[in-house]
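Protein chains in written order, with our numbering: chain L, 1 to 382; chain C, 1 to 382; chain S, 1 to 382; chain A, 1 to 382.
Worth flagging that the hints you see were computed from the coordinates, not collected in a lab.
From a predicted model like this one, the values you see are computed outputs, not experimental measurements.
Hints are supplied without guarantee of correctness; some may be wrong.
In this list, chains with the same sequence are indistinguishable; a pair is considered to hold if it fits within one copy or across any two.
Heads up, simulated DSSO-like pairs for lysine-lysine below, C-alpha to C-alpha not over 27 Å straight-line [unchecked claim]: (1) K338 with K307; (2) K338 with K279; (3) K333 with K307; (4) K279 with K333; (5) K333 with K154; (6) K184 with K154; (7) K338 with K154.
There are 4 protein chains.
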Amino acid sequence: MATTARAAVQVADRTFEIREFDLPEISTDDALLRVDAGGLCGSDVEQYDGELASLGVTYPLIPGHEPLGTIVEIGEGAARRWGVEAGDRVAVEPVFGCGSCRTCLVGDYRRCRRAAPPGAIASAYGAIPLAIEPSLWGGFAEYLYLGPRTVLHKLGAGLPFELAALYQPMAAAIRWCAHDSGIKVGDTALILGAGQRGLCSVVAARAAGAENVIVTGLARDAHKLALARELGADATIVVDQEDMVAAVRDLTGGEGPDVTIDLTPVATQPIADAIEAAKPGGTIVLAGLKGSASTMPEFSPDRVVMKELTLKGVFAQDIRAFEPALRLIESRKYPLEKLHTHTFGLDDVALAIETLAGRVPGEDAVHVMLAPHGNGAVAGGA
Amino acid sequence: MATTARAAVQVADRTFEIREFDLPEISTDDALLRVDAGGLCGSDVEQYDGELASLGVTYPLIPGHEPLGTIVEIGEGAARRWGVEAGDRVAVEPVFGCGSCRTCLVGDYRRCRRAAPPGAIASAYGAIPLAIEPSLWGGFAEYLYLGPRTVLHKLGAGLPFELAALYQPMAAAIRWCAHDSGIKVGDTALILGAGQRGLCSVVAARAAGAENVIVTGLARDAHKLALARELGADATIVVDQEDMVAAVRDLTGGEGPDVTIDLTPVATQPIADAIEAAKPGGTIVLAGLKGSASTMPEFSPDRVVMKELTLKGVFAQDIRAFEPALRLIESRKYPLEKLHTHTFGLDDVALAIETLAGRVPGEDAVHVMLAPHGNGAVAGGA
Amino acid sequence: MATTARAAVQVADRTFEIREFDLPEISTDDALLRVDAGGLCGSDVEQYDGELASLGVTYPLIPGHEPLGTIVEIGEGAARRWGVEAGDRVAVEPVFGCGSCRTCLVGDYRRCRRAAPPGAIASAYGAIPLAIEPSLWGGFAEYLYLGPRTVLHKLGAGLPFELAALYQPMAAAIRWCAHDSGIKVGDTALILGAGQRGLCSVVAARAAGAENVIVTGLARDAHKLALARELGADATIVVDQEDMVAAVRDLTGGEGPDVTIDLTPVATQPIADAIEAAKPGGTIVLAGLKGSASTMPEFSPDRVVMKELTLKGVFAQDIRAFEPALRLIESRKYPLEKLHTHTFGLDDVALAIETLAGRVPGEDAVHVMLAPHGNGAVAGGA
Amino acid sequence: MATTARAAVQVADRTFEIREFDLPEISTDDALLRVDAGGLCGSDVEQYDGELASLGVTYPLIPGHEPLGTIVEIGEGAARRWGVEAGDRVAVEPVFGCGSCRTCLVGDYRRCRRAAPPGAIASAYGAIPLAIEPSLWGGFAEYLYLGPRTVLHKLGAGLPFELAALYQPMAAAIRWCAHDSGIKVGDTALILGAGQRGLCSVVAARAAGAENVIVTGLARDAHKLALARELGADATIVVDQEDMVAAVRDLTGGEGPDVTIDLTPVATQPIADAIEAAKPGGTIVLAGLKGSASTMPEFSPDRVVMKELTLKGVFAQDIRAFEPALRLIESRKYPLEKLHTHTFGLDDVALAIETLAGRVPGEDAVHVMLAPHGNGAVAGGA
């Protein structure tokens, strides 16, 4: 049994240091996780680039909020509460709530503002500074401390980590695109953005009974758009080569989509186009972050009023989405394994992030995974 | 019995002519209404100013989409279908649907695009050109033609037209602020704008069980804000003298409102402030038109995402709202008569509109009514 | 072009006569349908047996409320309103509303009580007496009169009538099991009854994202339960051989289903068992008719209260369900053709009904179709 | 400061003993409440009579699940979590959840099955056996132990306990009649039963905008029905003297109520009548317990199906209802003080229960309160 854990500590913008930490002592209500895998997400790129400083994220800290692994030590109370024991393989929810405030009591623990340790901006793995004991709060490490309020999910026996590591984009897609969008069997769904969340949204939209699923992407996303079609999208639109609004009208008999979900980063034009393309009375789910300072000069409130549209901001997800996401992944009904393109070891965390960001020439990444106990870069999927 | 009807025909921007029309022949499925009263609404000001040309409204036509009056002639089929007879006093819904298209079949006749006569931009009284027979399509006239698809509501015996004439702003308030906003008993409501719809929204919010109702207005709206408090608002904010966001926080214990309804014309800053002030997970109903060309440069999609807000555009209303609006007016539970400030005759229609627009010095108008069979301007309320 | 139509007129309990009728004259707003096919439904058996007399159904009349066929003559107004022309193949909705009453205006035309011709119990094809002109109101005939308020749906070019004839059970399944049950991606659905509606509900539940679909049936329904599994059911329960409540608990890890839909005829025990098996907070959709006089002595309101269950009665369906049903059938994503087992000609309508009712030894019927222009009994599927 | 607490311990059916207990030691996460008041509820009568034995309630235990009082000692963690300190006056929610299970995480802690101490049937004050330390788990005592997961609400300074003691029936009414019934501004509400919950439901229905509120009761409830009218009911029906279904039809223009709420104990006929009287598409909230063994032989599933009714079982309530209930009580907008009729001391707990049950001749009780630190019976209201 190990007594220390190596971790990738971000010490400055785009700068990691590998450091070694003593493993924490576990008492009744907490546990220790051997981190076997961790998905990377768009916000990991933003954190790497230092763009989250405006939100209050400070260095040094161990990033990584999509950890999966094996319970190596667990207190009696935690074991009973979570229904797991040492040796179990689990996926960890990124956010935990205090369990007692009004927000938690009504089921919105993903929005709890009281569980954050003093000095942290949120009660979220990967966002808690190193200075807060026991430091091992991030998934970019060999071991992760699991505090008493953690929510976790046991993994089925045969599920490889490469596939399980999709639990967070898949949960986001289920909450945003299926559960909260109001989509119904027979509807048309327009998905803006063909990244890992967009591709998982194709699966979520199909699972929810969408009859017609349209996905947009850039010309450079050709491999992702092809994958979208393979996952069941009925049509794809290359927005830097086609008139998106006109194309959507063509594809929907002039009616427009019932439900649109925006997952595009940075750009706001997709939202303006979505408003133009939407069916009167339709819903547009806003999930893509544009950079916290950015505004959308082209936003026309009158179009929203006269078309009676609903714009619905969504952020993070919770057990209502993580459970069906994991079951859907385990069901193997969709070829989700095709999303996984890269696995990297702990020492290559910067390369992993750069790969996901599309900054590594020649690499067409979709889903990138970190395997902290692995050895160096492993290109190629599951 | 009259054989002709005088009507105020808009022939150009800010220009009316009084013309005389033969009364139409009524057959089985239609009817003729003696117009006893008609409310004026903000869009009457816009139509007067010529600002609706961009929507396709053309001259000459008879405006007026809030008519009330007495059935003077009615076909057998219409009488049976509508449950009324000659002599009955009724309020007319502004919009009618075709009854057969998908939009109508699912209950959204207020959005029907197939009932508009060829040459008209909408199937709405006050928006159908004179050229379309039988010309008497607007409420600014002594008589109104009621086509077969009209939806109308019988008025209670003792209800004066000055009070009944509030049926449209009250219906808007019920749909937008009570039915479609998701407001619940115990919630806090923030109402942006203290015009007739804002004041009716105070009543609707109270009726829906809001525990805390906050209304905003300009310094020059002091009489309207006083009326808001009289109707049951817990607090009012003068937005050109106070920091709206800070004031709302103070008034809500730092939480923000559950539901906000924007009824302000032209300005977009109120929406930006509403996003800032709203409770996480809250709803902002967008109902105020900003001028169809205008955009909102300060709109931040990220704020909507990170606070998980819902923005809901609403436009027009239907029987679901007109029925409870009329019953609420008839119940006399709220001192709605205080909203009525001015009544004008047909010849003074331009003055009536200018008064509502606040362009007549010394006149503090809230709700302005036209009485086409009256004689000239009648200042003062019911 | 034919000038007369043969029709199967029900003149007494379990007694049909083939009669010949002059084809009606078609004017502006109506049409004439050549009936190419018609599905039979459980209520056709009840009507045949005379069990609907208590509802006010009287003889003689032409039954048949699931007609499909080809428009042979159509008025100009009807053509414009419905968007079809002579030669088009269509499916006809069974019920039509008046389009003007409150029920219709709010989108519930399936519940309209004002469109029924005087003397008829409902505005529904197959339920209007022969005495009402032009008599051809039922699908068990070579031609069907389409009144002005009919709602119909154009069929895709390549869709055989055997498959299209499933539009009504499929629409019922979509409304009851997918749209109105509140089912969500990841839920468990329990479907009580393995008839055509139960089997279509398997498809609807899958389409809506149910992760776990359980179907119940009797031992004599073995072929239907096998078909349920083929259509995607995860498990089936033989209720006359197994303890249903215990079996459901086993299949749901002790949790019970989120959503249950009761489609069983006559028996009430399935509802009692469903209440016992349901997850706390779950929904039970009641769709199976038990015979209008029958009561359910075993109903325990306290169980409903203490488990906080919702019981939701549903009856008939409308355009919201017919549209996605037809598109789902046309998509060919599910092997729905396996449901079709028998086709009969007009002269064999009694045999067709007896076959559906399971009264013809050796015939395992699921979906039975009438082909009024065909020649005698045609055993076997599409 | 006291060191012991007197408590009314139920030792057998209809048998209390006053016993004395040492006050428990309070650590970081719990607290001690001086019980100043406690409302009695219908289930206190059932517990008194021994009718809850079938649910697993065993003697001896201290009943009382509606306690209000003053914090006399509180741990640091509890004070921070609950936002209260010693000296604060609070109302205690009857039920507490574990905070960690799926049920709690999604906001349904009122249904949590994991927080119950071993040996208790529920995690609810008044239902935990004496044998479980520290014994003081019920409101029929001078002091109450507040465990770490308690949810409580601070009372406004000027609110007398007689009024505050209505927080539970008022919260039930808000959840059942306003929040969960789907009632909208303009609707008609039918309230079955004129006990404390029925009367609070009149207030809740009015608060939610019901235009027409009808209440039923028995002839012997004349004082309650009079109070219902005083609280704003538009009409009352004496069900043992009138035909309820006919009366409701008369009062609703033949339409039936949009929303019905059943609060009657024991009898099931009210539910059958409610099904008969309801508007097609309407909702019937089931909240009255009929005795856990009882069934409803007159229940007709077909009526529920053909009228497309929704029957919704509800049980208990949570912070979503307790917060608005207390604010509504504090607002003094409704003359709720008229509900309070009797206050009793601890030694008279049996008499208090008999009075509420209507078994004490000459006493017309509506809301009965226990004041454990008072001295004997105090007849008459606030």
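A quick look at each hint next to the structure:
no., hint, verdict
1, K338 with K307, "neither (38 Å within a copy, 33 Å between copies)"
2, K338 with K279, "neither (32 Å within a copy, 35 Å between copies)"
3, K333 with K307, "neither (37 Å within a copy, 33 Å between copies)"
4, K279 with K333, "between (30 Å within a copy, 25 Å between copies)"
5, K333 with K154, "within (20 Å within a copy, 32 Å between copies)"
6, K184 with K154, "between (30 Å within a copy, 22 Å between copies)"
7, K338 with K154, "within (23 Å within a copy, 38 Å between copies)"
The structure fails to meet hints 1, 2, 3 from the earlier list, while all remaining hints are met.
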